[in-house]
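K.L.:
Chain by chain, the residues:
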Amino acid sequence: MFDELERAIEPGLELGASYVELRGETGFIEYIQMDDGRITALTQRLERGVAVRALVDGAWGFVSTGDLARLEDAVRDACRMARAAAPTRKEPIELAETKTREDRVKSAARRDPRHVEIEEKVAYLKELTRVIRDHDPRIATVTAKLRTASGTKYLVTSEGARIEMPINLVWVYPWVTGKEGTRLSAARNEEASTHQGWEYLEKTATPEAVGIPAARRVVLQLEGVPAKAGTFPCVLGPRVIGVLAHEALGHLAEADLTVNSAFNGKLGQVVAAEGVNMTDDGTDPGNVGTSKYDDEGTPTSRVEIIKDSVLTELMTNREYAAKMGLRPTGNARAESYLYPPIIRMRNTFFERGDHSFDEIFEGIEFGYYCVDFRGGQAQMNASFQVGIQEVFEIVNGELGRPVTDLSISGIATDALFKIEAVSDEDFPWELGRCGKGQEAFVSSGGPSIRFAKGGIMFGGQT
Amino acid sequence: MEDEKQLLELCKFAVSQAHEYGATKAETQAQFSSELEGSVELGQISSVNRQTGTGIAIRVFVGKQMGSAFTNIPTQDGIRDAVRLAVSAAKVSTEDPDFVDLPLPSSSYPSVDGLWSDSAAGVDPGEVVGQIVQLVKEATQSEAGLVPAMSGAGAVEYHTAYANSNGVDHWERGTVGYIYLGAVAPSGEGMTPIVLSFDVKRGVDYDISSVVQEVADTLRLCKVSASGESGKFPVMMHAMAYGQIMQHTLLESIRGDSVVRGKSRIGDKLGETIAAENLTISDDGTYPGGMNTRVADDEGVPRRRTTIIDHGVLRSFIWDTYWANKAGVASTGNARRQLRRGLVEVATTNVVVEPGRRNAEDILSEIKHGFFVQNVQGAHSSNPQSGDFSIVGNPAILVRDGEMVGQVHGLMLTGNVFDLLKHVGEVASEPRFLEGAIAPDILFTEVNVVCRQ
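Residue numbers (the numbering used here), protein chains in the order written: chain A, 72 to 533; chain B, 519 to 971.
What the hints contain is simulated information worked out from the structure, not anything from laboratory work.
Model, not experiment: these values are computed from the prediction.
A hint or two may mislead.
[Stated by the list, open to error] Capping the alpha-carbon separation at 27 Å, the derived lysine-lysine pairs in BS3-like fashion look like this:
| no. | chain 1 | residue 1 | chain 2 | residue 2 |
| --- | --- | --- | --- | --- |
| 1 | B | Lys655 | A | Lys507 |
| 2 | A | Lys299 | A | Lys177 |
| 3 | B | Lys609 | B | Lys787 |
| 4 | B | Lys886 | B | Lys750 |
| 5 | A | Lys161 | B | Lys655 |
| 6 | A | Lys299 | B | Lys750 |
| 7 | B | Lys886 | B | Lys741 |
| 8 | A | Lys337 | A | Lys161 |
| 9 | A | Lys507 | B | Lys719 |
| 10 | B | Lys940 | A | Lys250 |
| 11 | A | Lys274 | A | Lys299 |
| 12 | B | Lys750 | A | Lys507 |
| 13 | A | Lys197 | A | Lys337 |
| 14 | A | Lys274 | A | Lys250 |
| 15 | B | Lys582 | B | Lys530 |
| 16 | A | Lys299 | A | Lys250 |
| 17 | A | Lys489 | B | Lys582 |
| 18 | B | Lys609 | B | Lys844 |
| 19 | B | Lys523 | A | Lys524 |
| 20 | A | Lys507 | A | Lys394 |
| 21 | A | Lys337 | B | Lys741 |
| 22 | A | Lys177 | A | Lys363 |
| 23 | A | Lys299 | B | Lys940 |
| 24 | A | Lys161 | A | Lys197 |
| 25 | B | Lys523 | A | Lys197 |
| 26 | B | Lys582 | B | Lys655 |
| 27 | A | Lys337 | A | Lys394 |
| 28 | A | Lys299 | A | Lys378 |
| 29 | A | Lys299 | A | Lys507 |
| 30 | A | Lys197 | B | Lys844 |
| 31 | B | Lys530 | A | Lys197 |
| 32 | A | Lys524 | A | Lys363 |
| 33 | B | Lys523 | B | Lys719 |
| 34 | A | Lys378 | A | Lys250 |
| 35 | B | Lys719 | A | Lys250 |
| 36 | A | Lys161 | A | Lys394 |
| 37 | A | Lys363 | A | Lys394 |
| 38 | B | Lys582 | B | Lys844 |
| 39 | A | Lys250 | B | Lys787 |
| 40 | B | Lys655 | A | Lys394 |
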């Protein structure tokens with residue numbers, strides 16, 4: 072595909088583009104859904120397409136096409152789009168310098184899901200359904216979803232970049248409901264790898280490893296007591312503190328959002344309590360947000376967003392790096408050839424602290440320990456909300472009764488100063504998807520962190 | 519492939535190929551779409567984008583075993599490859615004893631006008647840019663400090679066709695134009711939330727002034743900080759706010775599949791009162807001007823109007839063909855196909871809330887102490903089975919003695935949607951046209967509110 076893409080660069084330059092970028096993609100994608108043991112979707116698809124971006128007179132034009140025979144027309148169309156917007160700009164868009172690279176990244180997958188028989192995939196979902204159903208008689212329904220992808224993406228730019236990278240995905244997601252009398256509950260789980268092949272589901276995300284946590288959460292909700300409303304001291308476990316890192320802080324540190332957010336103008340300032348460090352690392356080996364290059368061809372990196380309580384770095388693409396005088400961090404990501412790359416997180420986490428896990432519960436007379444979440448959303452004024460699907464009371468420093476589902480919220484820029492203790496534990500990564508207009512596979516995490524009263528609000532009963 | 523009749527021929531070809539490869543039943547939906555969009559960053563047009571493509575979803579049955587495939591290559595060769603994948607998947611799939619049949623031909627389709635606008639279909643990049651420039655200009659002049667943070671405009675044209683083994687064949691086309699403004703402004707608390715407003719219709723004759731005015735008026739209030747207290751209070755909700763709560767709770771519960779699978783809390787409540795008497799909600803796939811209005815659903819079944827709640831009484835659920843067959847009822851034309859995933863689901867079309875008699879300002883003016891919530895955060899984390907929600911109102915405005923005072927930061931709304939439905943105090947008279955709903959603002963008389971102390 073490289074040759075087809077390279078041939079289409081020249082017409083863009085002839086039309087006055089200062090930069091032309093083509094991202095080609097070929098892939099085999101599968102989606103299987105099983106509802107209560109019945110297959111409701113078993114879909115295979117062959118996908119190929121190209122995304123064209125042209126920078127003309129300081130504005131972008133973008134065209135996505137599945138018609139590879141008319142790539143030069145697509146490039147001309149992208150230039151026409153850019154030219155329409157260019158006269159309206161007060162200052163032209165510029166791109167930060169990066170070293171031009173030619174590279175071919177090989178897939179690390181051992182069992183390409185494309186070559187795994189459908190029967191084996193169906194058997195996996197059947198077993199996942201069985202494991203969940205057998206966990207408790209109160210389990211009412213099980214919807215199990217499986218996605219796999221394998222393919223290749225190609226990046227060619229007018230600056231000479233020529234990069235080939237693999238597309239890998241194995242993803243599993245059970246949605247489970249429970250029923251006891253008239254009481255209904257629901258919970259989910261989600262595991263994914265963007266580096267391993269089918270072996271990830273055979274050895275790591277096995278039906279037991281994926282199914283039991285979801286089933287357990289459903290049962291806990293049926294047995295849970297209602298949450299109180301208001302603000303309480305609390306400990307957020309690794310999966311919840313991870314989503315807080317992502318939703319409440321990570322989005323504010325995406326440079327395209329920072330400029331309109333509560334973090335605007337705060338680079339170099341103390342934004343958190345002592346001992347707080349938060350990082351986005353696109354180089355963490357094997358993690359779902361990890362990639363050697365981003366979708367502009369910039370090598371990914373470790374971005375120290377908060378270092379020793381100070382807002383230190385922002386995540387950028389080449390455009391915002393130039394605009395804000397920052398380094399390109401390799402955070403430009405596109406869901407597929409259907410979308411232009413935008414600034415996205417990769418693997419976002421709080422660094423470990425120096426308190427033992429038991430210490431951070433000490434002295435809490437009444438509070439909550441939040442273990443797992445179901446969705447979250449941030450706003451530009453630093454307001455965040457995270458739905459919680461597994462939570463326990465803390466009474467006199469000890470774990471108490473399970474609590475039925477609720478959500479927590481707060482103002483991130485305030486909450487960061489209410490952090491009292493960061494544990495030193497190793498933590499598991501929470502693997503999921505972020506939706507900023509496009510889907511991106513991301514991970515997040517952190518050690519358990521304790522917040523003083525006033526940091527986190529609990530949306531319970533008034 | 520911009521000709522829907524050519525798309526229909528491809529669909530019929532796919533069905534015939536499926537039978538040749540061993541399918542006993544087959545259906546195909548093909549859609550060509552072309553979207554032109556301009557987007558704004560930092561108050562300037564950043565990019566103009568065009569996304570064009572054809573997607574073809576093929577679903578086949580071998581006996582009672584189902585398989586499906588998707589291709590974006592709209593040629594006979596591309597379709598043959600996809601049909602082979604679908605049939606081979608069906609042959610190793612599991613048997614579904616509940617599968618009865620694909621839809622049968624319908625005697626008539628509704629007559630729906632206004633789905634197509636030449637202004638949207640032929641829109642030029644320069645025209646879209648011009649609309650956005652006007653939007654940004656009016657917006658920045660409307661309120662001090664206003665920054666258009668996420669704004670843009672665009673137009674989509676789509677051509678769709680469907681055919682199945684039972685002789686159902688159908689094609690239609692339509693357009694959608696949209697303009698949106700999401701803006702922030704500096705405030706005493708640092709920065710306001712993004713305040714969003716938009717206008718969607720079939721053409722590109724957008725009402726820019728109304729969009730700008732709604733954003734500017736709300737931002738002006740957000741610049742003023744107010745404090746609230748926790749408790750049960752009257753809350754006036756913008757249709758965008760309660761619409762999101764209902765989308766993730768009530769509207770999940772009226773899906774036929776949720777009812778049959780025992781996932782709906784109101785699955786056994788047909789004919790019972792589940793809401794206040796002044797609430798009437800319909801699903802209307804033929805509503806003039808509705809953004810999800812079509813002649814047929816994604817299985818070629820005619821769209822229709824289905825009354826869900828009539829003056830507080832639950833009257834109907836919504837169905838696609840599979841779940842209707844299983845429940846022994848008729849499809850309500852509510853099948854939605856995710857083309858790339860091959861999944862056919864039960865989904866609402868245009869949710870229509872019947873307007874009341876008085877306008878929103880008159881209703882709000884009678885609130886002694888309460889709140890106006892223009893938008894919410896986190897509705898998607900609600901519990902779709904129990905109906906419990908726990909979300910943030912943002913922006914949430916304190917209302918005192920009938921006047922909007924200022925923004926209450928971090929206000930949470932908690933409760934259960936089925937309790938909320940019983941506390942509809944009054945429905946305003948002016949419907950808002952949203953993406954999947956035509957709905958006025960509603961005053962809920964008693965809502966659990968949690969505020970920062």
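K.L.:
Now look at each hint and say whether the structure bears it out.
P.N.:
Quick rundown of the hints versus the structure:
1. Lys655/B / Lys507/A: 26 Å, holds
2. Lys299/A / Lys177/A: 52 Å, violated
3. Lys609/B / Lys787/B: Distance of about 40 Å is beyond 27 Å: violated.
4. Lys886/B / Lys750/B: The hint holds at about 13 Å.
5. Lys161/A / Lys655/B: Judged against 27 Å, a Cα distance of about 13 Å means the pair holds.
6. Lys299/A / Lys750/B: 14 Å, holds
7. Lys886/B / Lys741/B: 22 Å, holds
8. Lys337/A / Lys161/A: Holds - the C-alpha atoms of Lys161/A and Lys337/A are around 25 Å apart, at most 27 Å.
9. Lys507/A / Lys719/B: 24 Å, holds
10. Lys940/B / Lys250/A: 24 Å, holds
11. Lys274/A / Lys299/A: 40 Å, violated
12. Lys750/B / Lys507/A: 34 Å, violated
13. Lys197/A / Lys337/A: 51 Å, violated
14. Lys274/A / Lys250/A: 31 Å, violated
15. Lys582/B / Lys530/B: Status holds; Cα separation ~21 Å.
16. Lys299/A / Lys250/A: 23 Å, holds
17. Lys489/A / Lys582/B: 58 Å, violated
18. Lys609/B / Lys844/B: 23 Å, holds
19. Lys523/B / Lys524/A: 64 Å, violated
20. Lys507/A / Lys394/A: 21 Å, holds
21. Lys337/A / Lys741/B: 20 Å, holds
22. Lys177/A / Lys363/A: 10 Å, holds
23. Lys299/A / Lys940/B: 23 Å, holds
24. Lys161/A / Lys197/A: 58 Å, violated
25. Lys523/B / Lys197/A: 41 Å, violated
26. Lys582/B / Lys655/B: Not OK: Lys582/B and Lys655/B at ~59 Å, beyond 27 Å, violated.
27. Lys337/A / Lys394/A: 16 Å, holds
28. Lys299/A / Lys378/A: 34 Å, violated
29. Lys299/A / Lys507/A: 32 Å, violated
30. Lys197/A / Lys844/B: 22 Å, holds
31. Lys530/B / Lys197/A: 34 Å, violated
32. Lys524/A / Lys363/A: Violated: Lys524/A and Lys363/A sit about 41 Å apart, past 27 Å.
33. Lys523/B / Lys719/B: Given that 27 Å is the threshold and the Cα spacing comes to 25 Å, the pair holds.
34. Lys378/A / Lys250/A: Roughly 46 Å separates the two Cα atoms, so the pair is violated.
35. Lys719/B / Lys250/A: Judged against 27 Å, a Cα distance of about 42 Å means the pair is violated.
36. Lys161/A / Lys394/A: The hint holds at about 13 Å.
37. Lys363/A / Lys394/A: 24 Å, holds
38. Lys582/B / Lys844/B: 14 Å, holds
39. Lys250/A / Lys787/B: 17 Å, holds
40. Lys655/B / Lys394/A: Holds, at about 22 Å.
Checked against the numbered hints listed earlier, the structure breaks hints 2, 3, 11, 12, 13, 14, 17, 19, 24, 25, 26, 28, 29, 31, 32, 34 and 35; every other hint is satisfied.
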